[in-house]
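J.: Which chain is which? The protein sequence lines are A and B, in order.
The opening position of the first sequence corresponds to residue 598 in the numbering used here, with each subsequent residue numbered one higher.
The opening position of the second sequence corresponds to residue 103 in the numbering used here, with each subsequent residue numbered one higher.
Bear in mind the hints are in silico, worked out from the structure with no lab data behind them.
Glycine included, every Cβ here is placed at the ideal spot set by N, Cα and C.
Hints may contain errors.
[Claimed, not checked] For the chain B half of the interface with chain A, some residues (derived, Cβ under 7 angstroms), not all of them:
no., residue
1, Tyr213
2, Leu220
3, Gly224
4, Lys354
5, Ala357
6, Gln424
7, Phe434
8, Lys749
9, Pro750
10, Arg753
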Amino acid sequence: MAQSTNDEAHWKKTTNLMWLHLGLWLFFGYVVHFFVKPLNTITIPILEFPLGFYMAAQGSLIAFVVMLFVFAKQQDAIDREFGVAEDDK
Amino acid sequence: MATQAAGGGDFIKNLGRIYGMYTGGFLVFVLFLALLEWAGVPNRYLGYLFVFFTLAVYAVIGIASRTAQVSEYYVAGRQVPALYNGMATGADWMSAASFVGMAGTLFLLGYDGLAWVLGWTGGYVLVSVLVGPYLRKFGAYTVPDFMAFRYGGNFARFLAVIVLVCCSFTYVTAQVYGTGIIASRFLGMDFTIAVYVGLAGILVCSMLGGMKAVTWTQIAQYIVLIVAYLTPIVILSTMQYGIPIPELTYGKAIADITAREGQMLQQGLATAANLKAHIEPFTSYTPLNFFGIILCMMVGTASLPHILMRYFTTPSVREARQSVAWSLFFIFLLYFSAPAYAAFSKLEVYTNIIGRDLSQIRPWMFSWGELGLIQICGKNAASLEAVMEACKAIAGHPGVVRLQDFVINTDVIVLSTPEIAGLPYVISGLVAAGGLAAALSTADGLLLAIANALSHDIYYKMLDPNAPAFRRLLVARILLLIVAVGAAYTASTKPSDILAMVGWAFSLAMAGNFPALVMGIWWKRTTTAGAIAGIIAGFGICIFYLVITRYFPGVGVKYFGMTSLLNPVTGAPIIQDLNAAMALPNAMESWPTLAHPLANKVGWFNLNNIACGLLGAPLGFLTIIVVSLMGKEPSKELQSLIDEIRKPRGRTILEEKT
Numbered sequence: 598m599a600q601s602t603n604d605e606a607h608w609k610k611t612t613n614l615m616w617l618h619l620g621l622w623l624f625f626g627y628v629v630h631f632f633v634k635p636l637n638t639i640t641i642p643i644l645e646f647p648l649g650f651y652m653a654a655q656g657s658l659i660a661f662v663v664m665l666f667v668f669a670k671q672q673d674a675i676d677r678e679f680g681v682a683e684d685d686k
Numbered sequence: 103m104a105t106q107a108a109g110g111g112d113f114i115k116n117l118g119r120i121y122g123m124y125t126g127g128f129l130v131f132v133l134f135l136a137l138l139e140w141a142g143v144p145n146r147y148l149g150y151l152f153v154f155f156t157l158a159v160y161a162v163i164g165i166a167s168r169t170a171q172v173s174e175y176y177v178a179g180r181q182v183p184a185l186y187n188g189m190a191t192g193a194d195w196m197s198a199a200s201f202v203g204m205a206g207t208l209f210l211l212g213y214d215g216l217a218w219v220l221g222w223t224g225g226y227v228l229v230s231v232l233v234g235p236y237l238r239k240f241g242a243y244t245v246p247d248f249m250a251f252r253y254g255g256n257f258a259r260f261l262a263v264i265v266l267v268c269c270s271f272t273y274v275t276a277q278v279y280g281t282g283i284i285a286s287r288f289l290g291m292d293f294t295i296a297v298y299v300g301l302a303g304i305l306v307c308s309m310l311g312g313m314k315a316v317t318w319t320q321i322a323q324y325i326v327l328i329v330a331y332l333t334p335i336v337i338l339s340t341m342q343y344g345i346p347i348p349e350l351t352y353g354k355a356i357a358d359i360t361a362r363e364g365q366m367l368q369q370g371l372a373t374a375a376n377l378k379a380h381i382e383p384f385t386s387y388t389p390l391n392f393f394g395i396i397l398c399m400m401v402g403t404a405s406l407p408h409i410l411m412r413y414f415t416t417p418s419v420r421e422a423r424q425s426v427a428w429s430l431f432f433i434f435l436l437y438f439s440a441p442a443y444a445a446f447s448k449l450e451v452y453t454n455i456i457g458r459d460l461s462q463i464r465p466w467m468f469s470w471g472e473l474g475l476i477q478i479c480g481k482n483a484a485s486l487e488a489v490m491e492a493c494k495a496i497a498g499h500p501g502v503v504r505l506q507d508f509v510i511n512t513d514v515i516v517l518s519t520p521e522i523a524g525l526p527y528v529i530s531g532l533v534a535a536g537g538l539a540a541a542l543s544t545a546d547g548l549l550l551a552i553a554n555a556l557s558h559d560i561y562y563k564m565l566d567p568n569a570p571a572f573r574r575l576l577v578a579r580i581l582l583l584i585v586a587v588g589a590a591y592t593a594s595t596k597p598s599d600i601l602a603m604v605g606w607a608f609s610l611a612m613a614g615n616f617p618a619l620v621m622g623i624w625w626k627r628t629t630t631a632g633a634i635a636g637i638i639a640g641f642g643i644c645i646f647y648l649v650i651t652r653y654f655p656g657v658g659v660k661y662f663g664m665t666s667l668l669n670p671v672t673g674a675p676i677i678q679d680l681n682a683a684m685a686l687p688n689a690m691e692s693w694p695t696l697a698h699p700l701a702n703k704v705g706w707f708n709l710n711n712i713a714c715g716l717l718g719a720p721l722g723f724l725t726i727i728v729v730s731l732m733g734k735e736p737s738k739e740l741q742s743l744i745d746e747i748r749k750p751r752g753r754t755i756l757e758e759k760t
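With the rest of the complex left out, here is chain A (with noise of 0.2 angstroms):
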């Protein structure tokens, strides 16, 4: 059955894409958060933005935009590689 082992590395790769991205959320919904104490201590030069506020105002907002942009071409690659993409209209 080459159509169900084309299926199952599909479905192999799919998975390990997301465990990267569970684990990229994982870093920057929380684990980055459990050390603003000392982040805070650092000032982002210009901007003034002490770095452990920061990065729960902004920068893990940032982190989560662009992974999912990123997520969208990575899935769809992979969904190509496998020929199970939809066609293109």
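Add chain B to chain A, keeping to what the hints say.
T.: Positioned in the frame of chain A, the structure of chain B alone reads:
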């Protein structure tokens, strides 16, 4: 536009031009009102013009998008392009709580308020990676559709409908309430009447055209709300720092606030007990509750039916993924500006009100004081005389405003920024129109989610599977009306604390939906019995914790071993003498008001009830895994259908006859 909207193709191709012209038209309208103001038209009429004109535009779009087709009514014909669906989702997502409340929360809580900013953005990663695109491939009309298919029929469907109605109704009540507040404040209407007027605006958009009408109005509403949110703060930033990007300049404001906080402590204008330093973490929430709220809001995002169903409307799975990215981008534009509002307002209050001699208080605040939204020395700050008199009444008052003398309602932060910056009234009107757009668009999406679940899942799928399209849509519309009136009635009784109510909705969605959705897609071994047990256990514990801590705290303490929550700074219990509180006359009675000393202040593990999903979701996952492993593997047919969901290519699993 009516014929084009009905025709489909041309309309979709021209979306860019149509909404471009719409945006241009809106800006011209604002300039026109500015001219009227310059010519001396009173503010009150400008406010009316703003609200009624924008409502009329939404109504026209709603009526032009009326439809008699089932698939247009439920999923907008699945032809909404990724970018526009992202905009519609943004409006669907951002409610009165985001538009008016968020900046206020950040003003009051400082760093801890950022839990909401993080929690309400990061969840989209989960939507895109774990759930949304797979539901789109499945081809559902509603979230319960998927549950029924995956978990053996109508019992799972029924449970999913219960979860959906509980969380969406909690949420929509808060929205209708917000609509009422904005309408009453800017139009001077009675609050109850304002609620029903807002309701009429909501219904015009969604009654006739369902999802299709809601989609095209939500895009229009997004444009109004984002222009309204960014305009005052961009002008303020340009005036004070010379750079029109407030997100970059408010770092200076934060540095100034921190410096001023030290000064205030030294001069005795504030005490260590009442001053929460703006950048200091964990002064309002303990770390457990801070991260608990973030997790519940994020996971709740990926479980809320009114958000998930927006991704049923894209033409393809690929576009569903892109659409999630666009959604977060459009939401991000508002959320990363909210902390700037908070910082600029706080700096204004700390430098120009606190420490000022009473006679030099800035006049912008008196109009809010009149409404009881700003209080100084315990009395409404309606005029200079009122303030002086109130402070004289306090023994030993130094004659300057101290931090403890000053109380501000959080709604004022966004609404008053135009006045703080000394901008003309037309900008204030713009902000009101934006707030209204935010509340209306979210209420629309929620009402539609509830009415669709009742009409599609309960009526069509469970009661009368042979109903013709005409009758299905009629039932959908009647139910929409009933739910809407119910929500307006509940809202007109003024249930307090919007942010907590919204938080509950997220936690309920997280506990009830998330484990069953994710496991249904990602683990083929998940069985019907496992999922049903998981939903009941997870949702059950969450709603139990909510209801007990809020409405039966005495019972919780006496029979379920609950204890007082702790103060995040000192670590001491909030209720100092639990036995004394329990001995109060109404401790063991049900439904105490929010003012009751025990309500919302007891619990297990020092866990705030907003984060009750933290109990529900893990229990749900665990139950699903254990019960599934005890039963027989799902059938081969079902497993191969799950394989189909995982691949974007091919037909949707569920084919609806239309």
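J.: Could you run down the list of hints and mark each one as holding or not?
T.: Hints, verified against the model:
| no. | hint | result |
| --- | --- | --- |
| 1 | Tyr213 | holds (6 angstroms) |
| 2 | Leu220 | holds (6 angstroms) |
| 3 | Gly224 | holds (5 angstroms) |
| 4 | Lys354 | holds (5 angstroms) |
| 5 | Ala357 | holds (4 angstroms) |
| 6 | Gln424 | holds (5 angstroms) |
| 7 | Phe434 | holds (5 angstroms) |
| 8 | Lys749 | holds (4 angstroms) |
| 9 | Pro750 | holds (5 angstroms) |
| 10 | Arg753 | violated (11 angstroms) |
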